[in-house]
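Chains as they are written, first to last, in this note's numbering: chain R, 6 to 137; chain S, 331 to 584; chain L, 71 to 370.
Simulated from the structure, these hints should not be mistaken for laboratory data. For glycine and all other residues, C-beta sits at the position ideal for the given N, C-alpha and C. Incorrect hints may appear among the rest.
As the list claims (entries may be wrong) - Distance windows between CB atoms, simulated: (1) S:Phe573 <-> L:Asp159: 57 to 63 Å; (2) R:Arg9 <-> S:Ala580: 47 to 53 Å; (3) L:Ala140 <-> R:Gly69: 22 to 28 Å; (4) R:Pro42 <-> L:Asp305: 52 to 58 Å; (5) L:Gly306 <-> R:Ala104: 21 to 27 Å.
To be verified - Which chain S residues stay away from chain L? Per the calculated CB distances, all over 12 Å, these: (6) Thr430; (7) Asn443; (8) Leu489; (9) Trp513; (10) Gly554; (11) Ala580.
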Amino acid sequence: MLLRPNPASGVPIYLQLMEQVKHAIETGALRAGEQLPGIRPLAEELVINANTVAKAYRELEHEGVIELRHGAGAFVSANSRPKKATEKLRAGQTVVSDAVRKLRERGVTDDEIRRLFEAELAGVVKTGEPRG
Amino acid sequence: MLWYKSWRDTRWRFFVALGVLTLSGTGVVLIYPRVLALVPLVPSSDAGGELGQRIREIAQLSREFRGYIWAQWFRQNVRQEWTVVSALLGTGGLVAQGSTGALFTLSLPVSRNQLVAVRAAAGLAELLIVALTVALLLPIVAPVVGQRYAVTDAVAHALCMFAAGAVFFSLACLLSTSFDDPWRPLLIAVLAAAVLGACETVFRGLQPYSVFAVMSGDVYFRTGHLPWIGILASAGVSAALLFVATVNLARRDF
Amino acid sequence: MADAHAVETVDLHKRYEGGSDALRGLTLHVPAGSIFGFLGRNGAGKTTTIKILLGMVRPSAGRATVFGLAADDPAASVEIRRRTAFVSDEKDLYGGMTVAEMIRFTAGFFPRWRDDLEQRYLRTFELPPDRKVKALSRGMRTKLALLLSLSRGAELLVLDEPTAGLDPAMTEEVLQALVGHAAREGMTIFFSSHQIAEVEQIADAVAIIDRGRTVVSGALDDLRENFRRVQLVFDGEAPAAAFEAPGITRVRRSGRVLTVLSTAGAEPILDRARALHAVSMDVVPVTLKEIFLESVTMEE
Numbered sequence: 006m007l008l009r010p011n012p013a014s015g016v017p018i019y020l021q022l023m024e025q026v027k028h029a030i031e032t033g034a035l036r037a038g039e040q041l042p043g044i045r046p047l048a049e050e051l052v053i054n055a056n057t058v059a060k061a062y063r064e065l066e067h068e069g070v071i072e073l074r075h076g077a078g079a080f081v082s083a084n085s086r087p088k089k090a091t092e093k094l095r096a097g098q099t100v101v102s103d104a105v106r107k108l109r110e111r112g113v114t115d116d117e118i119r120r121l122f123e124a125e126l127a128g129v130v131k132t133g134e135p136r137g
Numbered sequence: 331m332l333w334y335k336s337w338r339d340t341r342w343r344f345f346v347a348l349g350v351l352t353l354s355g356t357g358v359v360l361i362y363p364r365v366l367a368l369v370p371l372v373p374s375s376d377a378g379g380e381l382g383q384r385i386r387e388i389a390q391l392s393r394e395f396r397g398y399i400w401a402q403w404f405r406q407n408v409r410q411e412w413t414v415v416s417a418l419l420g421t422g423g424l425v426a427q428g429s430t431g432a433l434f435t436l437s438l439p440v441s442r443n444q445l446v447a448v449r450a451a452a453g454l455a456e457l458l459i460v461a462l463t464v465a466l467l468l469p470i471v472a473p474v475v476g477q478r479y480a481v482t483d484a485v486a487h488a489l490c491m492f493a494a495g496a497v498f499f500s501l502a503c504l505l506s507t508s509f510d511d512p513w514r515p516l517l518i519a520v521l522a523a524a525v526l527g528a529c530e531t532v533f534r535g536l537q538p539y540s541v542f543a544v545m546s547g548d549v550y551f552r553t554g555h556l557p558w559i560g561i562l563a564s565a566g567v568s569a570a571l572l573f574v575a576t577v578n579l580a581r582r583d584f
Numbered sequence: 071m072a073d074a075h076a077v078e079t080v081d082l083h084k085r086y087e088g089g090s091d092a093l094r095g096l097t098l099h100v101p102a103g104s105i106f107g108f109l110g111r112n113g114a115g116k117t118t119t120i121k122i123l124l125g126m127v128r129p130s131a132g133r134a135t136v137f138g139l140a141a142d143d144p145a146a147s148v149e150i151r152r153r154t155a156f157v158s159d160e161k162d163l164y165g166g167m168t169v170a171e172m173i174r175f176t177a178g179f180f181p182r183w184r185d186d187l188e189q190r191y192l193r194t195f196e197l198p199p200d201r202k203v204k205a206l207s208r209g210m211r212t213k214l215a216l217l218l219s220l221s222r223g224a225e226l227l228v229l230d231e232p233t234a235g236l237d238p239a240m241t242e243e244v245l246q247a248l249v250g251h252a253a254r255e256g257m258t259i260f261f262s263s264h265q266i267a268e269v270e271q272i273a274d275a276v277a278i279i280d281r282g283r284t285v286v287s288g289a290l291d292d293l294r295e296n297f298r299r300v301q302l303v304f305d306g307e308a309p310a311a312a313f314e315a316p317g318i319t320r321v322r323r324s325g326r327v328l329t330v331l332s333t334a335g336a337e338p339i340l341d342r343a344r345a346l347h348a349v350s351m352d353v354v355p356v357t358l359k360e361i362f363l364e365s366v367t368m369e370e
């Protein structure tokens, strides 16, 4: 169910994994209350470091997407916060596609668009707003 | 475990040495009747110089089987063949010869001293077995030509051979801690033997003290007593060479 | 836990007879229980470092410790090797022995040999017990070397280019075995590699070495989050004065363009660049491959 992360994409593997879990919840592949694969078996299946999986799970728990029950494993949260996160992303997606469309209309290439976003994000770090 | 590896590394050499010396020794025994037949033909008073004196001496000794064996086998054949066999069994340590698992052996939880010690002990055991086997075949084959050879004589000579052979064995061991290929240690050890032999021929006064005298069991043949000084000296030299081998291996980078 | 670090080297030097300096002050810290990737060009000193850790080579200066024990002390080194497994880049094994014989031989040295792991890997690697080692393909030899390493109950596994010369399928098998084993047994894995992709895939932390020294080291996630390449364009010639800001590791000038590599994010660079009136500022995240290439090429 979970796809192999791409180690060379520049995006940390644990973030890719988090995105995949959230996407799986969004699409219904994972439902509220369902158990996620164990850290070690998942690490072995995806051939990535177990610590990376652990980190992804910890961050997902921090965001309220999943619950880690000691001794039992990781389970999808029953509450609705994941949906809020998804909605937030959906709204964000609209903003981004708008901006990209406008930039393309001005003749900005995709690579340049990417660089503009990166520069802007680097600037966001400066103001102290938490990322992610 | 290391003993097993040491055996595996040297077993073909062991069998070849055993085979060659057995054939050689058996041959020497089997031609005795022919030699005996030729003895009367050697003139008793001939001024042939050095070589003539030698031939007369051998002829004289050969009237007796025991003397023949000493003169022909122990003093002549053994001197050449045994030196090479001893060096051959000593060549090639556990981490020599580059890519046949040297790094693997070195990654095992054994000290470098252990590597030399096990290899030396296993090799010396092989050396002793070959010496004893080859010597003991004399009493066994002698009856075939209607002669007798004492077992005590055989064992005594085997001991002398072993002590002297250990010197060349240890030299080859030492050279193997510096050279990874199997040939150079062997060649250098044999070369050293040749040089020693040449020195002996030139400086005849050194002969009683040479390792070859121990090897052929001179003193034992003439007096019936083992050459303890010679044996101990050989053992001492062997031990010293093996000690240097351990030091050499310990300081080496792989 | 006796040591936070399974392996540590401090200012390690090695000069070989003949004068070549393999290591010129290498410092490394490998956290226990981590998967640690060791990257460097050919001849950078990776194999020399590994050999020093295992007592095969003695350092000229500096300190190397494994489990807190001195690697250059012969007695301590034997103890280290009791708890460490090593796979050389040549997958050096005894050609004349069969697979089964090699296993029995190796098991004899380790009282904590794990028969269950031996059986498991014999099965998953599909190794033919009666075939002689010299008749095995490179991939099979690698798997056998791995089996011998993983079954001995070691706390540390040191590998020199474990997937060199292997096809992608076999590479994945090897990585999977390593990842699975590390997760289950909690062992530290220290491996050198040229394959940056595989290091990125499974390592917790990395060190990049060049010409005998460590040039980059740290947790992989930290490196990914903090390494940035910033390209600045100026109106006239790029500033000749040293471009300084915290975290800069490389600065390259090419006419009006200044390329800066930073380990502390882009923000300090951008501040400085604005002060110098840069005309354009581009920030890109840097992949491990780019970090590697940047770190081991000459600074202009």
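Each hint, compared with the structure:
{"no.": "1", "hint": "S:Phe573 <-> L:Asp159: 57 to 63 Å", "result": "violated (34 Å)"}
{"no.": "2", "hint": "R:Arg9 <-> S:Ala580: 47 to 53 Å", "result": "holds (48 Å)"}
{"no.": "3", "hint": "L:Ala140 <-> R:Gly69: 22 to 28 Å", "result": "violated (49 Å)"}
{"no.": "4", "hint": "R:Pro42 <-> L:Asp305: 52 to 58 Å", "result": "holds (55 Å)"}
{"no.": "5", "hint": "L:Gly306 <-> R:Ala104: 21 to 27 Å", "result": "violated (33 Å)"}
{"no.": "6", "hint": "Thr430", "result": "violated (6 Å)"}
{"no.": "7", "hint": "Asn443", "result": "violated (8 Å)"}
{"no.": "8", "hint": "Leu489", "result": "holds (33 Å)"}
{"no.": "9", "hint": "Trp513", "result": "holds (19 Å)"}
{"no.": "10", "hint": "Gly554", "result": "holds (46 Å)"}
{"no.": "11", "hint": "Ala580", "result": "violated (7 Å)"}
Hint compliance for this structure: hints 1, 3, 5, 6, 7, 11 are not met, and every other hint is.
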